[in-house]
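Going down the list, the protein sequences come from chains U and W.
Residue numbering for the first sequence follows our numbering, starting at 1 and increasing by one per position.
Residue numbering for the second sequence follows our numbering, starting at 1001 and increasing by one per position.
Treat the hints with care, since some could be wrong.
What the hints assert, rightly or not - Only part of the chain U face toward chain W is listed, based on derived beta-carbon distances under 10 Å:
#  : residue
1  : 32
2  : 35
3  : 41
4  : 42
5  : 46
6  : 47
7  : 111
8  : 115
9  : 116
10 : 120
To be verified - Derived, one-sided and incomplete: chain W residues facing chain U with beta-carbon distance under 7 Å:
#  : residue
11 : 1032
12 : 1164
13 : 1170
14 : 1172
15 : 1174
16 : 1178
17 : 1199
18 : 1247
19 : 1274
Derived from the structure by calculation, the hints contain no laboratory data.
We put the CB at the ideal spot given by N, CA and C, even for glycine.
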Amino acid sequence: MFDDHSPIYRQIAERIRTDVLNGVLVGDEQVMSTNQYAAFYRINPATAAKAFQQLVDEGILYKKRGIGMFVSPQAGAHLRERHRDRFFADVVAPMAAEARAVGIPLADVIAHLRQLDRDGGSETTGGTDDGRQPA
Amino acid sequence: MTLDIEIDDLHLRYGELTALDDVRLRLDGGKIHGLIGRNGAGKSSLLAILAAFRKPTSGTVRIGGQPVFENPEITHQVCLVRSTGDTVEDDDKVEEALRFAERLRPAWDAELAARLVDRFHIPLRHAIGKLSLGQRCALGVTIGLATRAPVTMFDESHLGMDAPSRYAFYDELLADFMAHPRTFVVSTHLIDEVSPLFEEVTILDRGRILVHEPLDTLLARGTAVTGPAAAVDRFVDGFDVLAEKRLGGTRSAMVYAAFDEGRRRWAAEAGLELGPLSLQDLFVHLTQPTEPAEPAGSTSAAEEDA
C-alpha cells in the first residue's frame, strides 16, 4: 500500500494533498478521522495525527475543535500554485534527463507534447476549488 | 487515566548471568510501545518483572507511580500474555480459562472475548493442552485484549499465529486501543510487520537499553546511501556507517544519521540515491556486532540467523 520510500505519515499527507489537487476533497469538506486512517492503514493513530498536523501547518487542513479536520477553502489553489512552482524542477527536468539518457532528441519530446495538446490535453480536469465530481 | 511505567537502575542476575544491566526506562501511559531485541537480550525478563512475575535483583519498577512487586493493587491492572499461554493449566478447557479470567479481571469484556473466540476459531470445549500452537496464541491474545488491563503486555504472543490471524490481531489491537486507550507493550521478532502499530520503540541489547525513541524519529535516522563508491565514500565520511554492501563499482552504505535538506541536495547532485531503512534493517545493524570489512563483491550485510 505504501511505496516504502518515505515515512508513512508523509505518504498519508501526500495522498490527501493529491485528493485536494484532483478535487476529490473540496474546500470545507471534512476528512476522515485520525482513527479511521489508523484503522484503514493499520498504523498507530499518532502517526496518522502527525500527517494531519503537517497539513494543518501547511494550511491545507484546519481543525474544528471536537468535530474533526476540514479542508481549507484555499487549499486547492494553494497546492496548485505550489505544484506549478515546482513543476519544471520536479517533472520536466527529470524527463529531459531521461530523454537524453535514452537518446530521444528533445525536439521529439516537444513534438509529442504538442501532439498530446492537440489530442485534447486541454479537456482533462482543470479543477476549480469546488469542481468536485459527483461520487 | 492511563498508567506510566518507570524503571530505574534495574538489574537482574541469574547466578553468573546478567540478564538486565542498569535498565532505566520511562514508558508513557496511553501509547503502544514496541520492545525489540535479539534472543536472550532480556525482553521476557523485563516484561516478567513489570508483571511482578519475577523479582529484580535490584532497582525500582513503578507503574502509575507505585512499586510493582507484591502490590496487588497494581498487579490487578497489569496483564502479561506470553507466547505459550503458560498461565493456565493444560487440562482446563478454553471456556474454563475464559471464566477464570472473567472472575479475576474487573474490566473483563465478555462480549469482546466471545467475538475474538469466534474470529480466531478457538474451540471452546477443547482442553488447552490439546490446542494447536496457533490456537493457543489466539487464546492468549483474546484474553490479553478482553482483560482491558490498563497496562497490557504481549510477549511474542502472536508469533505462532498464521498471517491472516496475525493481521486480525493487529486490527483488533488497534481498534480496542483507540476505543479504550491504555498502555500496551508489545515484544516481537516480526518487526516490520508490527512496527507500524508502535508509537515508541525500545531496543534492548544484551540486557541494556540501546535505543528508546518515537518510531518516526528512529526511522528518520536510518538512511541507505547508494551510488558510485567514491561518491558514497565522500558523502558518508564522518557519519556512523552501520553496514555496507558493494556490487562492482556501486556501494550502498547504511548510515545512522538524519540528513538535512542541504545534504539531500548534495546527494541528488552527486547522483546518489538516498533510501529509507526499515526498522528491521536498523535493528539488525544496531544489534549485530561489527564485523570485519567484507571483500569487494560480497552482499551479506543484511543477514542474520533466526
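Each hint, compared with the structure:
1. 32: violated, 13 Å
2. 35: Holds, about 5 Å.
3. 41: holds, 7 Å
4. 42: The hint holds - residue 42 of chain U has a Cβ within 10 Å of chain W, the shortest such distance being about 6 Å.
5. 46: holds, 5 Å
6. 47: holds, 7 Å
7. 111: Violated: closest Cβ of chain W sits about 29 Å from residue 111 of chain U, beyond 10 Å.
8. 115: At 31 Å from the nearest chain W Cβ, residue 115 of chain U fails the 10 Å test, so the hint is violated.
9. 116: violated, 28 Å
10. 120: Cβ of residue 120 of chain U sits 35 Å from chain W, so the hint is violated.
11. 1032: holds, 6 Å
12. 1164: violated, 13 Å
13. 1170: holds, 6 Å
14. 1172: violated, 11 Å
15. 1174: Holds: closest Cβ of chain U sits about 6 Å from residue 1174 of chain W, inside 7 Å.
16. 1178: Result: holds, 5 Å to nearest chain U Cβ.
17. 1199: holds, 5 Å
18. 1247: Violated. Min distance 20 Å.
19. 1274: violated, 9 Å
Hint compliance for this structure: hints 1, 7, 8, 9, 10, 12, 14, 18, 19 are not met, and every other hint is.
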